[in-house]
Amino acid sequence: MTIAGVIDVHGARPNGSDGRPPYLTVAGLEKRFGSFVALSGIDLAIPEGEFVCFLGPSGCGKTTLLRAIAGLDRQSSGTIVQAGRDISDLPPSRRDFGIVFQSYALFPNLSVAQNIGYGLVNRRLGRAAIAARVEELLGMIGLVGSGDKYPAQLSGGQQQRVALARALATRPGLLLLDEPLSALDARVRLRLRGEIRELQRRLGVTTIMVTHDQEEAISVADRIVVMNHGRIEQVAAPEAIYRTPASLFVAGFVGTTNFMTGVRSAADRVRVGGFDLQVTPGDAMGTGQVCTACVRPEDFVIRNVCPDTPNAIQATIEAVEFLGAVVRARLGSPQLPDLPLVADFSLNAVTDLDLARGRAVTVALPPERVRIFAGLPE
Amino acid sequence: MSPIAIGGRTRSVDREAWALRIALTLMLAIMAAAILLPLWSILSKSVEDRAGAFVGLANYAQFFGTPALAQSIANSLFVAGLTTLIVVPLAFVYAYALTRTCMPAKGLMAGIALIPILSPSMLPAIALIYLFGNQGMIRELLFGETIYGPIGIVMGQVFYCFPHAMLILTTALSLADARLYEAAAALGTPRRRVFLTVTLPSAKYGLVSAAFVVFTLVMTDFGIPVVIGGRFNVLAIDVYKQVMGQQNFQMGAVVAVVLIIPALASFVVDRVVQRRQVALLGARSVPLVPQPQPARDWAMLGFCAVVGAIILGILATAVFASLVRLWPYNLSLGWSNYVFEDFDSDGWSSYFNSLRMAAATAVFGTLFVFVGAYLVEKGKGAGWARQVFHLVAMVPLAVPGLVLGLAYVFFFNAPDNPLGGLYGTMALLTICTVAHFYTVAHLTATTALKQMDPEFESVSASLQVPFWRTFLRVTVPVCLPAIVNIAIYLFVNAMTTVSAVIFIYTAHTKLASVAIVNMNDSGAIAAAAAMAVVITATSAGVKLVETLVSRVVLRRSQRWRAR
Chain A
359 MTIAGVIDVH GARPNGSDGR PPYLTVAGLE KRFGSFVALS GIDLAIPEGE
409 FVCFLGPSGC GKTTLLRAIA GLDRQSSGTI VQAGRDISDL PPSRRDFGIV
459 FQSYALFPNL SVAQNIGYGL VNRRLGRAAI AARVEELLGM IGLVGSGDKY
509 PAQLSGGQQQ RVALARALAT RPGLLLLDEP LSALDARVRL RLRGEIRELQ
559 RRLGVTTIMV THDQEEAISV ADRIVVMNHG RIEQVAAPEA IYRTPASLFV
609 AGFVGTTNFM TGVRSAADRV RVGGFDLQVT PGDAMGTGQV CTACVRPEDF
659 VIRNVCPDTP NAIQATIEAV EFLGAVVRAR LGSPQLPDLP LVADFSLNAV
709 TDLDLARGRA VTVALPPERV RIFAGLPE
Chain B
2 MSPIAIGGRT RSVDREAWAL RIALTLMLAI MAAAILLPLW SILSKSVEDR
52 AGAFVGLANY AQFFGTPALA QSIANSLFVA GLTTLIVVPL AFVYAYALTR
102 TCMPAKGLMA GIALIPILSP SMLPAIALIY LFGNQGMIRE LLFGETIYGP
152 IGIVMGQVFY CFPHAMLILT TALSLADARL YEAAAALGTP RRRVFLTVTL
202 PSAKYGLVSA AFVVFTLVMT DFGIPVVIGG RFNVLAIDVY KQVMGQQNFQ
252 MGAVVAVVLI IPALASFVVD RVVQRRQVAL LGARSVPLVP QPQPARDWAM
302 LGFCAVVGAI ILGILATAVF ASLVRLWPYN LSLGWSNYVF EDFDSDGWSS
352 YFNSLRMAAA TAVFGTLFVF VGAYLVEKGK GAGWARQVFH LVAMVPLAVP
402 GLVLGLAYVF FFNAPDNPLG GLYGTMALLT ICTVAHFYTV AHLTATTALK
452 QMDPEFESVS ASLQVPFWRT FLRVTVPVCL PAIVNIAIYL FVNAMTTVSA
502 VIFIYTAHTK LASVAIVNMN DSGAIAAAAA MAVVITATSA GVKLVETLVS
552 RVVLRRSQRW RAR
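In order, the protein sequence lines correspond to chains A and B.
Read in order, the letters of the first sequence correspond to residues 359 to 736 in this note's numbering.
Read in order, the letters of the second sequence correspond to residues 2 to 564 in this note's numbering.
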C-alpha cells in the first residue's frame, strides 16, 4: 500500500535550515520531577517544514521534551515559541499540533471515519465538508473503503495510518510522532517510515519524531537531535551525526565505534597502551590529557598498507561475522593488547585477500578518520 | 497554515482545567461529609461520657471490664473463625471444580453458588429456623442441640459467605500459567505433588484473601445473629442493643470501633495480597486449559451438586415458609404471608421504599462513582487531591455497615450540623448505602478506566476537543459493561443490606430489610420469610434483566469489540 493522491493546502516546501526564521524555538527548557532533572538547558530551533528526530536511549528525556512541546507535561522553566506565538504556558488544546502515539490511541468504539473526523466535528464544519475531508485523508493513507471498520479490525500498520490521518485532519502546523513505529513488525515499520517521510515532504508540515532507533532516525530525518541524560548532545544532519559526532556519547550511540582510550602525547599523537596513534592536530587538547580516540569499523584500510603507512597495525583476525555486503572482523593486535578492534571489510576484500579467522593482516587507520574526545567513554 | 487550524480560539485558557478542579473539590467535599466526618464523630463519641466531656479511654476500659460484653468478643471470634474454617475449604473445592476441571454444567453450578448474594442475610437464618427450630422439619438432626445460638449462626453464615469466598477463589484459580503445569509434567511429577507445589502456592493469596473476607463478613454481619442468635451475644448485636435498646451511644460507639479492627486488618491484608497477585501472572503466561479426567470431573460434579442442593434447599425452605399459612398447624399453601399489612403497619410500603432507595443508589451512586474514578484516573494536575480521593474511596471497605450507620446517626443527627436536614430522609439512606458499598464500585470503575489508552485525553486535547466530549463519546461507551456492573452491584446490595440502614431509617423511610428484622422480632416469622423472598426475587429479577440486556443491547453497542 502506498500513500498517494494527496491534495492539500500545504505546498511542497524546500527543506533545510538555511536562513529562514525558525518555526519552533525552544529556549532554556528545564523539567524536574522532584529532585530528578529530566531535561535541562534545552535550546533548539526548528525551521518550518523540517523533519526532526529526537534520538536517544530510553530515559534520555526525548519523550519528555516532545510532551513539553505538546503541552501535555508542562516544563518547569523555559520558553517554547511556535510560529511567533509564545505557547509556553498554553494548555495543549490551545496549541497547534497533531500527535501520534506508539499505542495508536485510536478510540476503539468509533469507526475509522469517526476517528479521523474526531477533531473536525467541533469546528463548525458542515457534515459534507467533514465527510469530504475524511475521504481525502482515507485516500491519503490508502484506506479508501475502510471508513466503516472499527480499529480492532485493522492491522497494526493500518491503525497507525489512521492515527496519522486523525492527527493531520485539522491541518496542524506541527506534527508530533512519539515512537510511532515501535509497536510494529520490522517489515511494516520499514514501509511505514518511508510513507511517513514521503507524506511529510508532500505536506511540508514541520514534524518531530521521537525514536530510540538510530537507523530509523538516520533514514527519515532532515536533522537529528541526539539526547542523553536530559541534555542535547548534538543537533545535525544524519550524515554529520554519523561522520562527525560531537561527543563520545554520540560516537558510541550512533553506529559502531572502536574506542581507544589513551593519553595525548603530542599535538598529533595519542598514546594508546604501547601504541602511538597519529591523529590530525588542531583541537585545543593539551598534552598529558586523557582522551579517547574513536574509529568507525569501515575506516580501517586493508589494501595497499605497508609498515610505514601511518597507524599501521599488525593484527590477527580472531573472529569473522558475515553481515551481507560487508564482513565484520574482530582483530587482535599485540601492539594494542586487550583492545579488540572491530573492522568492516568489503566482501571483495575478503575474497581478494582471503581473509579468514586466524589470518595475520596489517591494517591502517587514516589519521583524518580518527576522532579525539577528552575523557573516557561512559 | 490553513484557516481552521489557526490558534487564538475564544475558549478561555483554563476552562477545562477549572472544570476538573471544581468537580474534584466538590466531590471530595461530599466524600468527606459522607465518609470521613461521620467516622470522626463515632471515634470522638467513643471517648466521651454521656454529657459529651472527653474521658479518654474510660469507655473502652469499661467495655473490656464488663464480662458480658467481653464474652461477645469471644463469641464473635468463635463463630467467625469456625465459619471461615468451614467455608474456605468448601469454596476452594467448588472454585477448583469450576476453573480446573471439565465438569459438566459449570455455568449452572456457578449460578447456583451466587444465589446467596441476592438474598438478605436474614433469609438463611429464617430458613434454618424452619428446618431446625423448635418445630423444625428436621430438628432431630441436631440431636437435641438448639439452632438458636452458635450452631444456627455458623450454618447461616456458611450459606451467606459461601459465594464471596467462591468468587475470590475462582479468580485466584483462574489465573494459572499452563507452562508451569507442562514443566511439572515434563519432569514426571506426580499429580498430588503438582497440586501441592504449583496449584496451592498460586492460589495462596486468594486463600488468605478469602479467609479474611469471610472472617470480616461474619464479625460484622447483623442479620443472621439477630434472627437466630438467641441468647448467644455477638459484637454486632451488642452495638444494636447498646444504641437502640439502652440508648447508650458512647458504649455503642466503643463496640463499633472495636468492630472496625478485624475489618481493617482484612482490608490491609487484601491490599497487600492483591498487589502480589498481580505480579504472579506475567503478560507472557499461557492460560491453562483443563483436560478431561472423567473420574475427577464426575466426583467434582457430585460435590458441587451436594453444595448446590443445600443452597437451593435453604432457598426453597424460605419460599415454602413464606407460602405455608401457619407452620406447623395449617400446612395449606397461599399468599397470606405476603399481605404484609397484616403483620407490619407499613405493609408493602417498606418494599417500595427499598425499591426506590435501591434505584436511587444505582443511578446516583453509579454516576458519582464513575465520575469520581474518572477524575482519579484521568484528571490532570492536582495529583495529591486525586490521591486523597482514591484513599477516601478505599475507606468504606474497612468500615462495617453497622459502624457506618451508627456514625451517620452521630454525625447527621448532631444538633449543630448544617447537614442535619438530611436526617431521616430517603436521600440520607441512599447516601449511606452508596458510601457503604463505595469501594468495590470504585475499584471496578478504576480497573475499567485503567484499561483505556492513557493517551486518549492527550489526543483529544491535540484535536482541541474538550475532555468532557471525549468522556461522553469514548470513555463512557467503552466502559459501559463496567458501568452496568456497578449499577447492578449497588442495586442488589441496596436491596439486601440491613446493617447500615437499621440505624437511620424512620417511620417514613422504612426499608424491606428492616421490615424483615421487625416482623421477625414480633414473631411474624413467616411474613419475614415472605419479605426476604420478595427481596431475593427482586434482586434475581434485576440480575436476569441485566443478563438479557447485556446479551442484546450491550452486544450491539459493543460491536466494535469484535475483530
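It should be emphasised that the hints constitute simulated quantities derived from the structure, not laboratory data.
Check before you lean on any hint, since a few could be wrong.
What the hints assert, rightly or not - Taking CB as the label site, the calculated pair distances span: (1) B:T198 x A:A541: 57 to 63 angstroms; (2) A:P735 x B:Q559: 53 to 59 angstroms; (3) B:V441 x A:P735: 51 to 57 angstroms; (4) A:A487 x B:F365: 49 to 55 angstroms; (5) B:I23 x A:L483: 27 to 33 angstroms.
What the hints assert, rightly or not - Mimicking SDA-like on lysine to any residue, the simulated pairs with C-alpha atoms at most 20 angstroms apart in a straight line are: (6) B:K381 x A:Y381; (7) B:K242 x B:D522; (8) B:K381 x A:P725.
Since the model is a prediction, treat every value here as computed from it, not as a measurement.
Backbone N, C-alpha and C fix where the C-beta goes; we use that ideal spot for every residue, glycine too.
Cross-check of the supplied hints:
no.	hint	in the structure
1	B:T198 x A:A541: 57 to 63 angstroms	violated (37 angstroms)
2	A:P735 x B:Q559: 53 to 59 angstroms	holds (54 angstroms)
3	B:V441 x A:P735: 51 to 57 angstroms	holds (55 angstroms)
4	A:A487 x B:F365: 49 to 55 angstroms	violated (41 angstroms)
5	B:I23 x A:L483: 27 to 33 angstroms	holds (31 angstroms)
6	B:K381 x A:Y381	violated (28 angstroms)
7	B:K242 x B:D522	holds (13 angstroms)
8	B:K381 x A:P725	violated (55 angstroms)
Against the hints set out earlier in the document, violations occur for numbers 1, 4, 6 and 8.
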